[in-house]
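So the mapping is simple: the working numbering equals the position in the sequence shown, first residue as 1, plus 1.
No wet-lab data here; the hints were simulated from the structure. From the three backbone atoms N, C-alpha and C, an ideal C-beta is built for every residue, glycine too. Among these hints, one or two may not hold up.
[To be verified] Straight-line C-alpha distance at most 20 Å; calculated SDA-like pairs for lysine to any residue:
| # | residue 1 | residue 2 |
| --- | --- | --- |
| 1 | 250 | 227 |
| 2 | 295 | 333 |
| 3 | 276 | 82 |
| 4 | 187 | 125 |
| 5 | 295 | 200 |
| 6 | 56 | 333 |
| 7 | 237 | 295 |
| 8 | 82 | 442 |
| 9 | 276 | 204 |
[Stated by the list, open to error] Cβ pair distances, simulated, as ranges:
| # | residue 1 | residue 2 | range |
| --- | --- | --- | --- |
| 10 | 269 | 65 | 44 to 50 Å |
| 11 | 508 | 59 | 42 to 48 Å |
| 12 | 447 | 390 | 37 to 43 Å |
| 13 | 268 | 411 | 38 to 44 Å |
| 14 | 90 | 507 | 31 to 37 Å |
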Amino acid sequence: MRTQENNLENKNHPKLKSGILSLLPIEGELGYEQTKHLLNRCVFGARHSEIEFLKNKTAEEALDFLLTGPIAPPTPPLSVKESDEEAPIGQTWTTIKYNSDYRSERLYSYLAWWMGQIVHRDLNLTEKMAFFWHNHFVTEHDVVRNTNFNYTYNTLLREQALGNIKTFAEKITVSPAMLDYLDGFKNVNGAPNENYARELFELFTIGKGPLIGEGNYTFYTEHDIREAAKVLTGWKINANEEAYFNSSKHDKSKKIFSEYYNHKSISNNEEEEYKDLITLIFEKKDTARYLVRKLYRYLVYYQIEEEIEEAIIEPLSTILFENKYELKPVLRTLLSSQHFFDTNLRGCMIKNPLEVSAGILRQLEFEIPENTDPVIKYSLWNSIRYAIREQDLEIGNPPDVAGWPAWYLEPLFDEIWINTATVPERASFIQTIIFQGFKTKEMPEKMYFDPFKIAYLAEDPSDINTLISTVTGLLFPHSATESQIQIFKDILIQGLPDFEWTIEWTHYINNPEDENQKKLISDRLKLFIAKVTLMAEYQLM
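Using the sequences and the hints, build the whole thing.
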């Protein structure tokens with residue numbers, strides 16, 4: 002990964018024009034371009050069919066779909082390795098007690114399954130927001146070795162993705178994965194462990210705020226961390242891999258917090274006491290502000306200038322706070338707003354590796370049939386995951402408790418995704434899909450990309466201008482320039498007049514048995530689509 006020192010020339014990120022600073026909803030039907038922008042920010046890869054489905058709806062109607070979670074949770078991950086002697090292939094291992102002898106097999110299954118949920122996500126915000134919360138309430142599978150803990154953590158991310166953030170904070174605090182990750186199970190009366198208490202304040206809820214004195218970070222002090230650690234004592238994980246409260250290990254003294262919390266105290270409340278701590282923190286509006294800023298940087302833009310803080314962040318924080326931390330009212334207001342649809346905010350964010358790699362599979366209609374053997378399906382999903390890992394994003398395993406730097410490290414933010422190591426990996430993955438196809442050792446034969454599926458997205462693929470505008474209209478955040486269109490034409494018809502493409506396409510349609518003509522059209526389509534997806538514009542959304 003490119004280091005911060007390597008990026009010191011980028012001390013000032015491009016400042017967007019203020020544009021529209023209104024949270025009032027846009028009116029009328031969305032249309033293709035606005036729907037594409039909405040979906041690019043809300044799902045991993047907006048498919049042409051999805052944009053077409055929503056484009057005649059209002060923003061309010063579109064968000065009715067996007068903010069409705071799945072009807073049922075996904076089927077649990079399956080065993081796909083013969084070496085796992087406890088879980089037969091095709092059956093889930095999640096109901097079997099963790100056995101470290103089979104950790105590698107189950108971690109392989111779990112991460113492939115997660116990748117599959119992202120690639121085959123429904124038309125809603127659940128997967129995109131589940132990943133947001135993974136980057137917020139962080140755990141790392143390198144630290145949390147128990148794969149059952151990893152799976153129940155993932156289930157919690159998905160269940161709470163669009164729910165109540167305060168409730169989510171309560172549940173994650175006493176989840177086995179988090180108790181393991183930040184040593185909560187070691188936190189006992191007389192020897193408090195401050196790891197989780199510190200991250201609860203600093204990263205998971207209210208944030209530091211400016212340093213205003215020794216041991217005082219504006220929104221909490223070192224004293225608050227110590228008192229919070231006492232509140233959280235007594236939580237353990239039993240032999241059934243469940244969190245439980247051990248009263249004998251709990252500090253029953255009165256915990257008194259700093260002046261910022263009006264010296265409020267929390268008295269012994271046994272296994273409910275941790276909820277009193279969460280309530281104490283969530284009663285402060287600065288918690289709502291901190292959370293809204295993170296949401297804004299994830300869904301809209303990383304740079305929050307003073308005018309954005311006043312006109313967007315503050316009113317959204319009020320909505321979150323007054324709705325007792327229900328997330329949907331905030332998302333609905335933001336994602337239907339005139340500000341969100343401001344043209345200055347289109348194409349201003351660099352796609353992260355998931356958005357590039359999982360996105361291109363969906364946008365290029367690269368399908369993995371539902372009835373595919375799970376061994377093959379999981380191997381495909383893992384090959385995608387490995388490619389994304391090479392681009393510096395390993396799902397399930399952020400670099401540390403703060404998550405990926407692209408969402409918090411100033412002034413770089415998402416520029417971190419683009420460097421001399423990751424750009425070739427992005428290009429290699431795209432070229433593999435388009436030209437080489439997928440082949441894992443578990444597959445009997447390769448799966449190939451079908452460029453005709455993309456051509457037929459155009460209303461009239463025999464018209465070169467319609468074809469180019471359809472493909473670039475899907476894959477670019479803005480319309481292609483005249484010079485880019487000419488580059489694409491040179492690939493498709495090699496300097497000849499536009500009507501030559503119509504002649505070639507018509508010959509292909511009228512002579513389906515002519516394999517040479519089919520290959521000619523296929524090869525040119527692949528070169529054209531590769532050129533589009535390898536341009537800088539495709540890396541933006």
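Comparing the hints with the structure gives:
no. : hint                  : verdict
1   : 250 - 227             : 16 Å, holds
2   : 295 - 333             : 16 Å, holds
3   : 276 - 82              : 41 Å, violated
4   : 187 - 125             : 38 Å, violated
5   : 295 - 200             : 15 Å, holds
6   : 56 - 333              : 17 Å, holds
7   : 237 - 295             : 31 Å, violated
8   : 82 - 442              : 13 Å, holds
9   : 276 - 204             : 18 Å, holds
10  : 269 - 65: 44 to 50 Å  : 45 Å, holds
11  : 508 - 59: 42 to 48 Å  : 44 Å, holds
12  : 447 - 390: 37 to 43 Å : 22 Å, violated
13  : 268 - 411: 38 to 44 Å : 40 Å, holds
14  : 90 - 507: 31 to 37 Å  : 49 Å, violated
Of the numbered hints given earlier, the model fails hints 3, 4, 7, 12, 14; all others are met.
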